[in-house]
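Whenever a hint applies, use it, and build me the whole structure from the sequences.
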Amino acid sequence: MNGEVTPAQPISDIPGQGGDPSSSDAESAQAKGIVGPQLRMAREAAGWSVAEMSRMLKITPHQVEAIESENWADLPCETITRGFVRNYARQLGLDALPLMSALASASLPQNAALEIAAGTPVKLGLRARIERCDWIKVVLGLVVLALAIAAYIFVPADFFRTSFSFLPSAEPSSSQVEPEASDVGEAAGAAVSGQEVAPAESSTEPAIEAPAAPVQPPQADAPVPAAVAPAGPLEAAGRADGAVVGQLKFRFAQSSWVEIRNGKGEVIFSQLNAAGSQRVVEGQPPFALTIGNAGYVSLNYNGKDVDFSQRSKDNVARLTLE
Amino acid sequence: MFSFLRSYFSNDLAIDLGTANTLIYVRGKGIVLDEPSVVAIRMDGGPNAKKSIQAVGQSAKEMLGKAPGAITVIRPMKDGVIADFTVTEQMLKQFIRKVHDSRMLSPSPRIIICVPSGSTQVERRAIRESALGAGASQVFLIEEPMAAAIGAGLPVSEPTGSMVVDIGGGTTEVGVISLGGMVYSGSVRVGGDKLDEAIINYISRNYGMLIGENTAESIKKGIGSAFPGAEVREMEVSGINKAEGIPRKFTISSNEILEALTEPLNNVVSAVKSALEKTPPELGADIADKGMVLTGGGALLRDLDRLLMEETGLPVIVAEEPLTCVARGCGMALERMDKLGSIFASD
Chain D
1 MNGEVTPAQP ISDIPGQGGD PSSSDAESAQ AKGIVGPQLR MAREAAGWSV AEMSRMLKIT
61 PHQVEAIESE NWADLPCETI TRGFVRNYAR QLGLDALPLM SALASASLPQ NAALEIAAGT
121 PVKLGLRARI ERCDWIKVVL GLVVLALAIA AYIFVPADFF RTSFSFLPSA EPSSSQVEPE
181 ASDVGEAAGA AVSGQEVAPA ESSTEPAIEA PAAPVQPPQA DAPVPAAVAP AGPLEAAGRA
241 DGAVVGQLKF RFAQSSWVEI RNGKGEVIFS QLNAAGSQRV VEGQPPFALT IGNAGYVSLN
301 YNGKDVDFSQ RSKDNVARLT LE
Chain C
1 MFSFLRSYFS NDLAIDLGTA NTLIYVRGKG IVLDEPSVVA IRMDGGPNAK KSIQAVGQSA
61 KEMLGKAPGA ITVIRPMKDG VIADFTVTEQ MLKQFIRKVH DSRMLSPSPR IIICVPSGST
121 QVERRAIRES ALGAGASQVF LIEEPMAAAI GAGLPVSEPT GSMVVDIGGG TTEVGVISLG
181 GMVYSGSVRV GGDKLDEAII NYISRNYGML IGENTAESIK KGIGSAFPGA EVREMEVSGI
241 NKAEGIPRKF TISSNEILEA LTEPLNNVVS AVKSALEKTP PELGADIADK GMVLTGGGAL
301 LRDLDRLLME ETGLPVIVAE EPLTCVARGC GMALERMDKL GSIFASD
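Line by line, the protein sequences are chains D and C. Those letters in the first sequence? Residues 1 to 322, per this note's numbering, in order. Those letters in the second sequence? Residues 1 to 347, per this note's numbering, in order.
Hints listed in this document are in silico derivations from the structure and should not be mistaken for laboratory results.
Each computed DSS-like pair below joins lysine-lysine, with the alpha-carbon atoms no more than 25 angstroms apart: (1) 78(C) <-> 66(C); (2) 278(C) <-> 58(D); (3) 78(C) <-> 221(C); (4) 273(C) <-> 58(D); (5) 249(D) <-> 264(D); (6) 93(C) <-> 51(C).
Beyond 10 angstroms from chain D on every Cβ pair, some chain C residues (computed): (7) 51; (8) 129; (9) 214; (10) 243; (11) 262.
This one's a predicted model, so the numbers in the text were calculated from it and none came from an experiment. Every residue gets a Cβ at the ideal spot worked out from N, C-alpha and C, and that includes glycine.
Now the structure itself:
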């Protein structure tokens, strides 16, 4: 604290040049605030002018004078000012540490606070909002999935049929079913009849079918008959020619899909049958049958009941009738 | 909405993921980790063959050039960006584990991580993914010149031009900043590593001796110089004589190292001059008044500031504690991250 730097002090005695930096020097500089004067004395002792020092430090003569006169307000911010002083001290061979300590107590222009003026676009908020939206989407997705699973588990299978039976399209009517059946019949040349088949419609079928089928002579061994019989008596009308040798009668307690192929592998009957309906299919055996929902279907083949419960797997029966 | 609660429970981190060193700043605590970016990986054979991390940081760096065949010492960062994604992720994970309390209730930290201004989108994404993989909940990127300027104490948010030159291990970043944004940024892939490499090549060429990276680094720190000075210093160095294949000692002088470093230093000077050419005139006037600030480990190279002063004719200042400027700048951004959107970089 009592150490003093005299103006006549030679360069070699200045801390950093000739001796070790001492704490007393630092305290002295700090106490008396003589950073500028010390630098000026060292410069003068070295025989350099302000202009020469300005040229060496690449700063303006005005800034050199401001440092020497400790006119800190004329210098840039604290970081820069401290850097200038450090460079100045190094140029003169002085130890910069005591000077830096002294500057710490000087009233240097403070560095501006790190604040961005309001209204600057902030990306952080934008990013956070995007993430929040993502979470909302995820939660909504999970809710929808949970509702779908609950509906699958708790809503009975015939809910929509029973609840919306008043709608005309809720259950397929006979008029919609029949053309499908007749289409199949056309392709396979088989005779199909259903209990709900309207007579008017079915009566038109033979007219359509007749050309497609081989000539219907009164011969006994006509190869393929083609006739759709009215379902009323559950008897095949075209059987009089004796060509049809196999008759399948189905009763459906619940809706069931049935597919029948003849011996050539052609599909002669394939459709979904409504619950409570009956079907009669006639054709040439053998028949390969695939019956869905087999537990609710009863089959009569040529007057004999067929038990296919042993041939059912997963409630689908596959069997061949000779 | 819950930022207050988050800041109470979580220790957000700012990471200077450098080529040479990784520094981590923890909110409210300051810089808590400063380790070399080096990972040592052990590959075990036999029935329990597996890869495991043998060491990370300083202990791994000490193995550099001394490890047996089963241990591979990797520097996963190269030229400021990730060279080995998996190893970088593991290294970050280890460092974060060291500094972040993994309490059950504490949420994953938000991380600010710095990237070179010249890095590509792919490189930035790699750094982001790496930090996310290491356990971050959110990752924000900040360009290194911006972080360095904040850490050096430059008035980045003022309407005045500030120029910063950050010479790191892999890259040299030059940035001109005003009003909280980068007006110009340039990056050259020359840094401390290239200086070491230049020393190794020089000694190999002129002395016929092979030296390692650590030796080259110690030569650079000991007698390395960027500008010819009155004092010539010498250093005794050990290496392998290429002709004899025998370890030998020899003495090298600071003037020779200066000669060795000329080429990479010229690249740095060119980058600075290029930045000055492209700086708008108004900001150029500010820079002529205030000069430029050097940060990063390269700023510690003796008389580098003098070289730049002579080459540009502008005042050049070495920041106080230049090695930690970027980490401190990241930390300051971390402390105010909710109010400083414009200083962050996009992908």
